[in-house]
Every structure is written in C-alpha cells, then in structure tokens.
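Top line first, the protein sequences correspond to chains Z, E, Y and W.
Here the UniProt record's numbering is used: the first residue of the first sequence is 1, the next is one more, and so on.
Here the UniProt record's numbering is used: the first residue of the second sequence is 1, the next is one more, and so on.
Here the UniProt record's numbering is used: the first residue of the third sequence is 1, the next is one more, and so on.
Here the UniProt record's numbering is used: the first residue of the fourth sequence is 1, the next is one more, and so on.
Don't take every hint at face value.
Here are the simulated DSS-like pairs of lysine-lysine, each with C-alpha atoms no more than 30 Å apart in a straight line [as the list claims (entries may be wrong)]:
no.	chain 1	residue 1	chain 2	residue 2
1	W	Lys20	E	Lys66
2	Y	Lys251	Y	Lys161
3	E	Lys94	Z	Lys597
4	E	Lys167	E	Lys66
5	E	Lys66	W	Lys75
6	Z	Lys40	E	Lys97
7	E	Lys177	W	Lys77
8	Y	Lys240	Y	Lys352
9	W	Lys75	E	Lys97
10	Z	Lys597	E	Lys168
11	Y	Lys90	Z	Lys517
12	Y	Lys83	Z	Lys519
13	Z	Lys11	E	Lys167
14	W	Lys22	W	Lys77
15	W	Lys20	E	Lys168
16	Z	Lys517	Y	Lys83
17	E	Lys97	W	Lys77
18	E	Lys94	W	Lys75
19	Y	Lys328	Y	Lys251
20	W	Lys75	E	Lys177
21	Y	Lys244	Z	Lys406
22	Y	Lys317	Y	Lys158
23	Y	Lys83	Y	Lys112
24	Z	Lys446	Y	Lys317
25	E	Lys94	W	Lys22
26	E	Lys66	Z	Lys597
27	W	Lys75	E	Lys167
28	E	Lys177	Z	Lys477
29	Y	Lys90	Y	Lys244
30	E	Lys66	W	Lys77
31	Y	Lys240	Y	Lys194
32	W	Lys77	E	Lys94
33	E	Lys177	W	Lys20
34	Y	Lys356	Y	Lys194
35	Z	Lys40	Y	Lys251
36	Z	Lys446	Y	Lys42
37	E	Lys167	W	Lys20
Quick caveat, the hints were computed from the structure, so don't treat them as lab data.
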Amino acid sequence: MDWLTTVDHKKIGILYLLAGALFFGIGGIEAILIRIQLIKPMNDFVDAQTFNELITMHGTTMIFLGAMPIILALMNVIVPLQIGARDVAFPFLNALGFWTFFFGGILLNLSWLIGSVPDAGWTSYLPLASVDYSNSHGVDFYTIGLQISGLGTLIGGINFLATIINMRAPGMSFMRMPMFTWASFITSALILFAFPAVTVGLILLMFDRLFGGNFFYVPNGGNVVLWQHIFWIFGHPEVYILILPAFGIISDVVSTFSRKRLFGYSSMVFATVLIGFLGFMVWAHHMFAVGLGPVANALFSIATMLIAVPTGIKIFNWLFTMWGGSIQFTAANMYAISFIPTFVMGGVTGVMLASAPADFQFHDTYFVVAHFHYTIVGGLVLGLFAGLHYWWPKMFGRMLNEPLGKVTFWLFWIGFQLTFFIQHFLGLLGMQRRVFTYLPNQGFDKMNLVSTIGAIMMGVGVILFLVNVVITSTKPKNLGNDPWGDGRTLEWTIPSPVPEYNFKQTPLVRGYDAWWKEKMEGNTEMPAAEPVGSIHMPSPSILPFMMSVGLFVAGFGFMFAKDDFGNTALNFLFGNHLIAAFGLLITFGCMFLRSVKDDHGYHIEPEELEQKGVKA
Amino acid sequence: MSAPAHHVDDQWPHEPEKATLEGRNKVIGFWLFLGGEAVLFGTLFATFLALRNQIGDGPSAAELFKLPMIATVTAILLVSSLTSVFAIQAMHRKEVKAMLNWLIVTVILGFCFLGMEIYEFVEYVHEGHTFTTSAFSSSFYTLVGFHGAHVAFGVAWISILIAQVRKKGLNLVTAPKVYVSAIYWHFIDVVWVFIFTVVYLMGKVG
Amino acid sequence: MMKRWHAVKRLLPLFAGLVLLLSACGRSDLSTLNPQGPVADKQFDLMLLAITIMTIVVVAVFGIAIYVVIRYRRRPGQEEIPKQIEGNHKLEVIWTVIPILLLIILAVPTVKYVFAFAEDYSGDPDAVNVKVTGHQFWWEFEYTDLGINTAHDLVIPKGKKIAIELRTADVLHSFWVPAIAGKMDTNPQGNVNKMFIEAYEAGLYRGKCAEFCGQSHALMEFKVKSVSEETFKAWVAEMKAEPKAFEGDLKVAESFKQNCLTCHAIDNAPALGPNLKGFGSREAVAGIMLNRETADEPIEQAVVEEHLRQWITEPQKVKPGNTMPAFKEQLSEEELDGIVKYLAEYKLESLKEFNKQ
Amino acid sequence: MTAHDMAPDNSKRRHRHEGKQKHIIAFIFSIVLTLIAFVTVASVGEVNPTFTVILLLVMAVLQVVIQMSYWMHMKDKGHVLPIVFMIGGVIIAFTAIVMSVYWVWW
Ligand code: HEA
Ligand code: HEA
Ligand SMILES: [Cu+2]
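Chain Z with its partners taken away, still in its complex shape (with noise of 0.2 Å):
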C-alpha cells in the first residue's frame, strides 16, 4: 500500500527501476524469440503473423516501456540528490506520471493475452496500420497504450525541467550542475517537445481506426506520408532522448572513477545542447527512401551528419578525462568506458546512413538494425547498466557483488559484438530488416546462426545481473556516504540509502564538484546553507494510481466500443461508451478531489532527524 501511495522521489525511482526491468525482460524475450527464429533459413518456430508481433512489440515495448522507465528511474533518484533538493517540484505529478506511464504499458502488453496484439512494426506505417490491412486490435492497443503511458512520461519531464530550473540548492548555479543533471534537462526538454507530436499523431491513427477519420485514407484524402513525417518529428529526438542520459551517466561515471574532473565540462554542455537541438532537425533522414524529393534528401543529410560533430566532442572529453587520471576497473567503469568505443561504432554507422544516396542500399536493412543495437544495446543499456551499478549502493545501500558484475559485463559484451556486429554486413549483402524468414544460399545462413547465439550469451548476461541482484539483497545495509570513496557531487554526501528528506540541512554548494571540491580542502561533509530545522515533506496520496486506472478503463472502453461481446450487458456498456465515461469520470473526478482537497503535507522535526539519521 505504502508503494502506492508514494510520492517520494527515491521510492517512485525504484517503481520506474521495477517496471522497467519488467518490460526490459518482456521485450528481452521477444527479442530472443525473434533471433530463434532467423537462427536458420526457411525456420518455422513461429509463424509470419506472430513474428510480426514479436519485432513490433520488441521495439515498442524496448524503446517505450523499457528503455525509458528506467532512465526516469536513475533521474527520478539521482537528479534531485545531485542538486541539492529534498524533492523533485511536483511529488505528486511524478506518481501522477509514474502510475499512467505504468498502466500504458501494462494494457498494450495486454495484447498477448487478449490475443490481438500490434503487427505494423513499432513505426506502425500506413496504410498498413489502418483498420484495412490490420484489422484487429492490436494497432488499437498500440495506440491507447502508447498514448497513456507517453502521457506519463510527459508529465515526468515537465516535472524534471521544473525541478532542475526551481528547486537547486543555494550556489549550485546552471554551470555547476553534474552532467547527468544538465543531460536529464536537456532530455526533459526534448520530452516535452517532442512527445506532443507523437500524442497528436496517435490521436489521428486512433480516429481514424475508431471513428471513421480520414488522416491517412487514401481513397477520401488522406496521406500516408504525414503519419511518417509526424512519427519521426518525434521519433528521432526520442532517440536522443534515450542517449543523452547515458552521455550524463558516463561522465559521472568515468570522472568519478578516473579521479579526475571531467575535461572540457562547459563545452560538454554546449555540445548536449547542440545536439537536442539538432536532433529535431533531422527527422527525415527516416525518410530518404519515400521520394521527398533531392533537395530535402541532401538537406536532412547535411543536417545528420552535422550531430556527428557535438557528439564527438564528448567522445574526446571523455577519453581525455581518463588521459592522465588514475582509472579504476569497477564493473560500473567497465560498462561505462566500454560505451566509448562501441557507441562510436553505432555513430558512424549513424553517419555512414546519413548519406542519402548510400542509404538507398542501407535503409530498411539490418545494417540499419545494427545501427541502433549499437547505439541503443552498446550505448544506452551499457549506459545504464554503468548507472545501476554506480548508483546501486546510493539507491540500496548495498553493493553489487563487483566479481560477478565483471562476469556479467564480459558476457554481456561480448555476446552483444557477436550479435549485432555480424548484422552491419548482414544487410550489405541484402538482407532486409522485419523478414520472418529468409530463402537459403544467399550467405545470410551462417551470419544469423552466429547473431542468434550472441543473443542467447546476452541473455544469460541479463540473467547473471538478476542473480546479482538477488544475492546482493540478502547482504547487510553497511555503506557510508560516499562507498567509492572517490564522489564527486552532492549525492555521496547523504548516507545509503537516502533518508525520506535527502538534507537534513540544505547544502551551499562553492564549485563545480561541489563534493570533491569540499573534500580537497580538507572538509568531511558539505557547509550547510540553513540552520537544522523542521522539514516539510508532501503526504502520500492515491489519487495518481486511481486516475491512471481511470485512464487504463476508459482506454479499454473506447477500444472495445464497436465490439460485439455477444452478451447484450456488456456490449451495452461498451457501445454507448459507458465504460470509457466511467474510467474519465475516474480520472476526472480523482482530478476535482486533488484541485479541491488541500493537503498540507507533514512535518519531521529536528529531533525526529537526528533518530533518523542515526537509523540511517
């Protein structure tokens, strides 16, 4: 119950930490599925209808409901300690987010259990994703689902942004942030950009299944193209949504355990700002193959490679903060200096695309799909892996077994080169990307063998991180603030775990480093910018989880509401809407209640914190 109700930041972290492990698993799954059956020529594992369920819920549920979740864990714990605050802006907003991002993704993994489950691949183009050429549920799921739970995470980044402009402790000025901070800004700010579009664009996909709109018929004047341009609009900020915190995470990471401050730290800024800019800029390189014509091809071409230059910035700044430090092998750095190399390798892949008349021969292929395993797999999950492993202790107050995290990263690199690698040169020599199966003899057969059994070792790497994860849990909570030893920034001076209120006094931050800076000069914990005093802290609420159950009920009841149940209750209910009315009635009236219900929060008192932090 209490994990309902929450609404403290550190508690909504590990929700986002545990549904995404959920759907990063699903999606695991589906993705193993997918490479068991291309393990051989002609294979019939699973038939033409169901794979194409597979990569289509494998993308969407990976880039949605896996990936995301848990960078907005690693935010939603990790970015109010960095700045100082003893809450995010909005506590109650965040569960808000939390618990529709969590029912979206719970009623579009339903699919599989109603048994019409999405099939027009996770960039759901038309007219294939129409009530034509798709007419089961399962477009029907990806829309309502998507658009609930992207509802959550808009409100998520609108909650970042503010926290990060409003709530920073005393002196810790923008140029003094951390860099995952400024990345979760930056990323934040494309969120809010960037997930409008897509919510419009689902909203006409859903019209037009539901109500007879005509956005993409063709035969009444609609476009087919539109729905293309719309979903990239968004598509390919959401990619960089998805790397820059891992940029932020390996910059925290890879300072932190070379001991050395981050080389070139402004330019670092200006490049991830750069970049999120940039990134609206170029969403038809998606596109060169539809026709739009050479000047928009070489425009959109000249505008993707331009990233190339900001993101080689970090690259560099990162390599040279190690050059001249003192690197430390933990397994967090092993993750997060191996992001190096292999994320460059998906980079230029990513320029080697740009070049549209090169990606007439590259789009659509698995050189494309290799592409983004190796900035997705070997850059954002690598990312976030350095993350976890970095961040576990501070978020715990346990540390993850290093031998066996060595282990875990070998396998799992390793397994990842051999999968996605062998991919680049499958789609040279003409294999397309979303085939369920292939004709022998074309020199695909051995290559996807090889791709297969990658796969399978990356799984068991999964695996072994959840045996460290179980073993871990089982040891004693004994860390001190700062377990490395080597903390940079504000969140290693408060103990493992964090205390409810984070500061029992609100730091004043001198520098960049603020906690590297204190520590150079010889002081064992940060100065403090208010005297101890009583703490007010927001109190747990249900309304959040009640509005998104409301959203999930009504999403089911606009889905079903032409269905014919054969039973005249129920297809009462749907067909008049009421289900729908009910479940916004829900949301709604939970929405009056918060609007009209003043809630003053509670109070600790200093003598209640100094028992806590003893505790602690």
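We have chain Z already, so just place chains E, Y and W with the ligands on it with the hints.
This is chains E, Y and W with the ligands only, laid out in the frame that chain Z set:
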C-alpha cells in the same frame, strides 16, 4: 503542494503567485506545459494545412464558413482574455470581489464561445460536412475541436477556482492557481488567433 | 598527434584489404557490395568513402581508448590524486575541426549523387518506361510505352536506362534490387515516385521488397532479368502477341477461365492478380519458390510444375496472408494437372536461351 | 516541500502600479488587427490572394506577440525561461508546419 502553514498574511506580496516555492514551481511548470502545448497545436495545424484542400465530395471551406459568425466568436474570446487580465490585476491588488467578478465574466464569455461553436458544428453537419466526410473535414474538426475542448476545460477549471476562492479565500495557495489559469486562458486565445487566421480566413481566401 | 597519424597510415592498407575481402563476399546477383549497374556502383563508391572515413574515426577512438586504459590504469597502492584539468582549447578546436573536415569530404559526393539519382529519364526516348506497382505480396510491371503487363520478372535490356514509376495498390512497399540500385518506396496516389535503374551486363538479379508490408513481406521477392538488346526486342514482340492457346481438354480450359482468369490475366490486361503470360519462363512461382538458384542453372519444367501445384493447392502455406484462395477442393485432379501443365509449358521463345530451357 | 522558502524578499521590491490602461491599449490593438484581417478577407477579389494570406499571417503574428507580451506578462522580468521554452515549442511547431506544406504531397 501547499503553502507554509504558518505564513503571515499581513502583507500581500507584489506577485502573490510567485511568493512561495510551490507557487513558483506551479508557474514555471505551467509555462513548460504550454511549451508542449505549442507543439501539440503546431502538429495539429500542420495536419490541417497538409489536408485542407482534400475536400473530396464534401463542401469546401469557402462554402462553409460564415465570416460574421467567426468575427463574433473571435470578439467574444478576445474580450474574455481582457477580462481575465483584469481578474489578475484585481488579484494582485487583493480585491477578491472584483477578481471573482471578472472571472465570472470570463467564464460566461467562455460559455458563449462554446455555445456558438457547437451551433456552428451542428450547422456544418447539416450541410454535409461531418467528421468522416473528407480529410479536410476530419482535420478541421480535430483542430477546432481540440481548441474547443481546451476552452471547455478552461471554463470548468476557472469555475472550480471561483468556488474554491469563495470558500477558502484568496491566499498564497489559491493565488498561483488563479494566475496559472489566466495564463492558460490567454494561451487558448492565442491559439484561436491562429485558428481564425489559418482555418477560417485563409479558408475563405482559398 | 603526428605519431597517431603514422599509425593510421600504416593501417590503411589493412583497411583496403578488408574492403577487398568484403567486396568478395556476397552473391553478385544480390549483394550491394558487388554492384552490377551504374547506380549501385556509385552508391558503392560512396559507401567505400564513408567506410574509409568511419574506419579512421573508429581507429582513432579505439587507439586513444586503449592507450589511455593501459597507461592510466590505477596500480595497486596508487593513491595520489591526479591533476584536475579543466580542458584544453587547442585540443577542443582540433576535435571539432577535423570531424567537420571529414564530414565535408562525405557531404560533397552525397549532395552530388542525391541530385544525380533524382534525374528523371521518363522523357528520354532511349529509356524504357516501366510502371511498377506493389501489391501484397507481388510486383506488377507495366511497360507503358510497349503495352505489356507482367509480374514477378522484370525483363530489361542491358545498358539502357529503365525509367521507373512507383506506386502501390495497397500498403507501402519498397522496390529494391541491391546489386543494381538502391531502394525507393511505392506510395499511394498523391505520392508517386520516380527512379531509374540500369544493369551493365546481361544477368539475373534478385529484387526484394524492403518496406514492411504485412505477413509475407519476407517473401515478396522478384527478379530482374537483364538481357541483350535483341533478346529484349524479341521478348517484347512475343509478349505483345496473342497469348498461347489452351491446348487439350475443353473442360479444363473452361475451368482455367472460370477459376484462374477471374483474377489473373493471360493477355496484357491489368488484373487483380499477377499476369500469367509466359509463366513457364518465370524464375519463380509466386516470386518466392525459386525454379532455379542462379542463372547458371536451367529452369526445369518439372520443378515449375511442382511449385505451381503446391501454390495452387495451398497458397496460404507458401505465402501467408496473400489474397489468392486455395484451390484444393475446387479443382479436380485432372483440371489441376491440365492447368499446371499449360502454365509450365507456356515458355517464351525469346528467353529460352537465357533460361537454359 | 520545504518550509524553507527561497523566495526573494518581495517587500523590498518597488511596488509598480499596474494600470488597466496598457491592457486596454493592447486590447484595442488586437481588435484593430483582427478587423484588418477580416476586412481584407471580406473584400477578397479586390485583393491578390497571395498578398492576402501574407497579410493575414503578419496580422496574426503581430497580434500574438502583443497578447503574449502584455497579457501573458512575457515582457516582464523573470520570464526568460518561459520565453525560451515557448520559443522552443514554436520552433518545433514551425518545423512541423514547414513539413506539412512542402513534404507531404508531391
Ligand atoms: C539511442 C539511439 C540512437 C542514436 C544515439 C542514434 C544516432 C544517430 N543516428 Fe540513428 N537510429 C536509431 C537510434 C539512434 N541513432 C534508431 C532506433 C533507428 C531506426 C529506427 C527504425 O527505423 O526503426 C535509427 C536510424 C537512423 C537512420 C535511418 C536509417 C534508415 O532507416 O535508413 C539514420 C540516417 O541518417 C541515422 C543516423 C544517425 C546519426 C547520424 C546519429 C548520430 O547521432 C551519431 C553521432 C555519433 C558519432 C558520429 C560518433 C562519435 C563522433 C566522433 C568520434 C567524431 C568524429 C566522427 C565523424 C567525423 C563521423 N539513424
Ligand atoms: C531499447 C531498445 C532496444 C533494445 C534494448 C533491444 C535489444 C535487442 N534487440 Fe532489438 N529492436 C529495437 C529496439 C531494441 N532492441 C527496435 C526499435 C527494433 C525495430 C522493431 C521494428 O522493426 O519495428 C528492434 C529490432 C530488432 C531486430 C530486428 C527484427 C527484424 O527487423 O526482423 C532484432 C534481430 O535480431 C533485434 C534483436 C535484439 C536483441 C537480441 C536484443 C538484446 O540486446 C536483448 C537482450 C536482453 C535480453 C536477452 C533480456 C533477457 C531477459 C531475461 C533473461 C528474462 C528476465 C525476465 C524478467 C525480468 C521478467 N531487435
Ligand atoms: Cu534518427
């Protein structure tokens, strides 16, 4: 998100909506939200612009739209924006009564706008311009309807705030809420400026 | 800096070797690394240039990374705090400017080829105009100037520009012959595309659908037969001529008409399903059941018959989600035999040599 | 949330009297701009359509700038971040619109 329980209300600050951290959070958070709304409406406008000539067998924009009607609703919305500015000024001076009155005028104008819009839609449907007629009609109803839904939400929201201020008085908790709702209302007005320009007037021009 | 550059220079031949190795891999009728026409050729050049640039980048990054990791690893007992460095302007300028230069090197040919490939040859009197229509899950080829309508096998004269107009009858597809030219989507009305292809030599090339189009997207293959100018002329003449008459049993002929010709055509009329003219000369049944592996082998009639029989009786098994109904019950054994035989025997004189029949 | 409040001390700030006047002037401007737009369209046929559309858009943008700076207080101090984020949103919205005008039909 509540104000410090022990705030002394002896002096009404110059910008009450930003006098507390909660208030400042609310205001900046809301601005951020509006940034997102700008993209939302931008995408809807983009859709409309892409499809505005695809009228199929349905009536065209020039045939449908009636300028006097549009001019009237525009005037209503513009005036309501002005009245909501007055409400905020009253709020800053802590003239609760005046503020409430201006808010009530705003809500009434909002209702008038909605009423006329519904009347307009019904009229169009009679002329064979339904949501499913053509790509133009779908995108028209979606864009204008989204705006209408925003107006409806605003009307409901401001009404609740009126009741709340009546009950609990104007203080550092309610002030940011009123302020933010006014910003929202202006934003709706700004969107309407583009709607009457791009949808109606440009539709008339062809 | 100098030292690094030397290392890169020494490695260059190695890359060249690697690239050569690569271009050796892959089937010459399929791989993008084995270009057989001017478009794919230029695309391959661009790819090589890009790969070279990217290899330089990757090697530089790997080099620094490995050096740093080995040189600056923390040794046991090492406790001193390294010097904290804020940054270095000179270095930062270097790693901003060099990538920009590398990108310019890539951007110039990119822009050049973007415009080159967008050239419209449909008005060129020397070019052959073909209207390509994608269907779930087969390809229709209409030679607009010649009045020919065919499917699955695109027959083209070698060394000539083929001006292609792309559209779809249902969902999006993408027309791709990796060894000859990059791909282009087939869109619905309002977004019709144009492209051109050309093959240097006579030969057989595999084409694929590259845009996800539903269940049998994987099986939506087609072939490009590049033939000599004379063969092409003969083929055109043969295709324009009256279709081969149905020999033998009248009842079977009627059954063929009733069952097959409601959706298919045997003359050049457009139809719901793929055109059947010259079926016995096709490289594959339903585009995916290959009658032969490469152009070196002959097309055996028996193989065609077997494939055809399988297709007609259980098309859903061969190509899930396609719109052809199964004719297992509707056709008697005799009718099936007759139809299969007629189609498999319907070979085109002009392609006999190419097909080694 | 904290009891600790980092608000700048408001009492020290000069109490600026907000006049109704400037808002009424802004309102009149809005009405005039709207009128120009409507009248131009009403008299279409006499005016070149391309010119009309450009004029309409200019009027709309002007009006929005006026409303945002006066009614939404964007020209007041302390609105740097709102302006940044609104402009951000508008840039993306604008890109989307350019897309729809140039790259949807061909
Ligand atoms: C985290 C995710 C992520 C990231 C970070 C990127 C980063 C980049 N991507 Fe990728 N991309 C995807 C995820 C990602 N991508 C996905 C999911 C798809 C497929 C979607 C689908 O169709 O399903 C895709 C598809 C995709 C395409 C479309 C391909 C096609 O469908 O035909 C293109 C084309 O331009 C592209 C380009 C790029 C570029 C230029 C970058 C750049 O940001 C990379 C920049 C980095 C570097 C270049 C390396 C470091 C730089 C240096 C060391 C400096 C020196 C370098 C040079 C001079 C080159 N991507
Ligand atoms: C965040 C994004 C993300 C991630 C992490 C991954 C991870 C992986 N992907 Fe992903 N993939 C996409 C995003 C992602 N992918 C997208 C967007 C597409 C395009 C979809 C489309 O075309 O529409 C795609 C497509 C795609 C294809 C191409 C399909 C096709 O075109 O036909 C393939 C094929 O090899 C593949 C493989 C893999 C593999 C082997 C992994 C591995 O790294 C996975 C490793 C993880 C595991 C193996 C998990 C192990 C879990 C357990 C052991 C159980 C634990 C259980 C619980 C916790 C409940 N993916
Ligand atoms: Cu992209």
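Results for each hint:
A distance of roughly 34 Å separates the Cα atoms of Lys20 (chain W) and Lys66 (chain E); the hinted pair therefore is violated under the 30 Å criterion. This hinted pair does not check out: Lys251 (chain Y) and Lys161 (chain Y) have alpha carbons roughly 45 Å apart, beyond 30 Å. In summary, the hint linking Lys94 (chain E) to Lys597 (chain Z) is supported, as the alpha carbons are separated by about 23 Å, within the 30 Å threshold. At roughly 43 Å between alpha-carbon atoms, Lys167 (chain E) and Lys66 (chain E) are farther apart than 30 Å, so this suggested pair is violated.
Among the hinted pairs, Lys66 (chain E) with Lys75 (chain W) is inconsistent with the structure: their alpha-carbon atoms are about 36 Å apart, more than 30 Å. With a C-alpha separation of about 78 Å, the suggested pair Lys40 (chain Z) and Lys97 (chain E) falls outside the 30 Å cut-off, and the hint is violated. Simply put, Lys177 (chain E) and Lys77 (chain W) have alpha-carbon atoms about 20 Å apart, close enough for the 30 Å limit, and the pair holds. Distance hint between Lys240 (chain Y) and Lys352 (chain Y) is fulfilled; the C-alpha atoms sit about 17 Å from each other, no more than 30 Å.
Between Lys75 (chain W) and Lys97 (chain E) the alpha-carbon distance is near 28 Å, which keeps this suggested pair within the 30 Å criterion. This hinted pair checks out: Lys597 (chain Z) and Lys168 (chain E) have alpha carbons roughly 11 Å apart, not beyond 30 Å. With a C-alpha separation of about 26 Å, the suggested pair Lys90 (chain Y) and Lys517 (chain Z) falls inside the 30 Å cut-off, and the hint holds. As the CA atoms of Lys83 (chain Y) and Lys519 (chain Z) are separated by approximately 15 Å, the hinted pair is consistent with the 30 Å bound.
With a C-alpha separation of about 35 Å, the suggested pairing of Lys11 (chain Z) with Lys167 (chain E) is violated against the 30 Å cut-off. Of the supplied pair hints, the one linking Lys22 (chain W) and Lys77 (chain W) holds, its CA atoms being roughly 17 Å apart against a limit of 30 Å. Among the hinted pairs, Lys20 (chain W) with Lys168 (chain E) is consistent with the structure: their alpha-carbon atoms are about 27 Å apart, no more than 30 Å. Between Lys517 (chain Z) and Lys83 (chain Y) the alpha-carbon distance is near 13 Å, which keeps this suggested pair within the 30 Å criterion.
The straight-line distance between the Cα atoms of Lys97 (chain E) and Lys77 (chain W) is roughly 28 Å, inside the 30 Å bound, and the hint therefore holds. Our distance criterion of 30 Å between C-alpha atoms is met by Lys94 (chain E) and Lys75 (chain W), whose separation comes to about 23 Å. In summary, the hint linking Lys328 (chain Y) to Lys251 (chain Y) is supported, as the alpha carbons are separated by about 18 Å, within the 30 Å threshold. At roughly 21 Å between alpha-carbon atoms, Lys75 (chain W) and Lys177 (chain E) fall within 30 Å of each other, so this suggested pair holds.
Annotation: proposed proximity of Lys244 (chain Y) to Lys406 (chain Z) is violated, straight-line Cα distance about 71 Å (limit 30 Å). Between the alpha carbons of Lys317 (chain Y) and Lys158 (chain Y) the distance comes to roughly 36 Å, so the proposed pair goes past 30 Å and is violated. A distance of roughly 48 Å separates the Cα atoms of Lys83 (chain Y) and Lys112 (chain Y); the hinted pair therefore is violated under the 30 Å criterion. As the CA atoms of Lys446 (chain Z) and Lys317 (chain Y) are separated by approximately 26 Å, the hinted pair is consistent with the 30 Å bound.
Between the alpha carbons of Lys94 (chain E) and Lys22 (chain W) the distance comes to roughly 20 Å, so the proposed pair stays at or under 30 Å and holds. With a C-alpha separation of about 45 Å, the suggested pair Lys66 (chain E) and Lys597 (chain Z) falls outside the 30 Å cut-off, and the hint is violated. Restraint check for Lys75 (chain W) and Lys167 (chain E): the C-alpha separation of about 34 Å exceeds 30 Å, so the hint is violated. Restraint check: the Cα-Cα separation between Lys177 (chain E) and Lys477 (chain Z) comes to about 43 Å, which exceeds 30 Å; the hinted pair is violated.
Using a Cα cut-off of 30 Å, the hinted pair Lys90 (chain Y) and Lys244 (chain Y) is violated, with the two alpha carbons roughly 78 Å apart. Pair hint Lys66 (chain E) plus Lys77 (chain W) does not hold up; C-alpha atoms about 41 Å apart against a cutoff of 30 Å. Distance check on the hinted pair: Lys240 (chain Y) and Lys194 (chain Y) sit about 25 Å apart at the alpha-carbon level, within 30 Å; holds. The straight-line distance between the Cα atoms of Lys77 (chain W) and Lys94 (chain E) is roughly 21 Å, inside the 30 Å bound, and the hint therefore holds.
Restraint check: the Cα-Cα separation between Lys177 (chain E) and Lys20 (chain W) comes to about 22 Å, which is no more than 30 Å; the hinted pair holds. Taking the CA atoms of Lys356 (chain Y) and Lys194 (chain Y), the gap is near 33 Å; set against the 30 Å cutoff, the hint is violated. A threshold of 30 Å between alpha carbons decides the hint, and for Lys40 (chain Z) with Lys251 (chain Y) the separation of about 44 Å lies outside it, so the pair is violated. In summary, the hint linking Lys446 (chain Z) to Lys42 (chain Y) is supported, as the alpha carbons are separated by about 29 Å, within the 30 Å threshold.
The hinted pair formed by Lys167 (chain E) and Lys20 (chain W) meets the criterion: a straight-line CA distance of about 28 Å does not exceed 30 Å.
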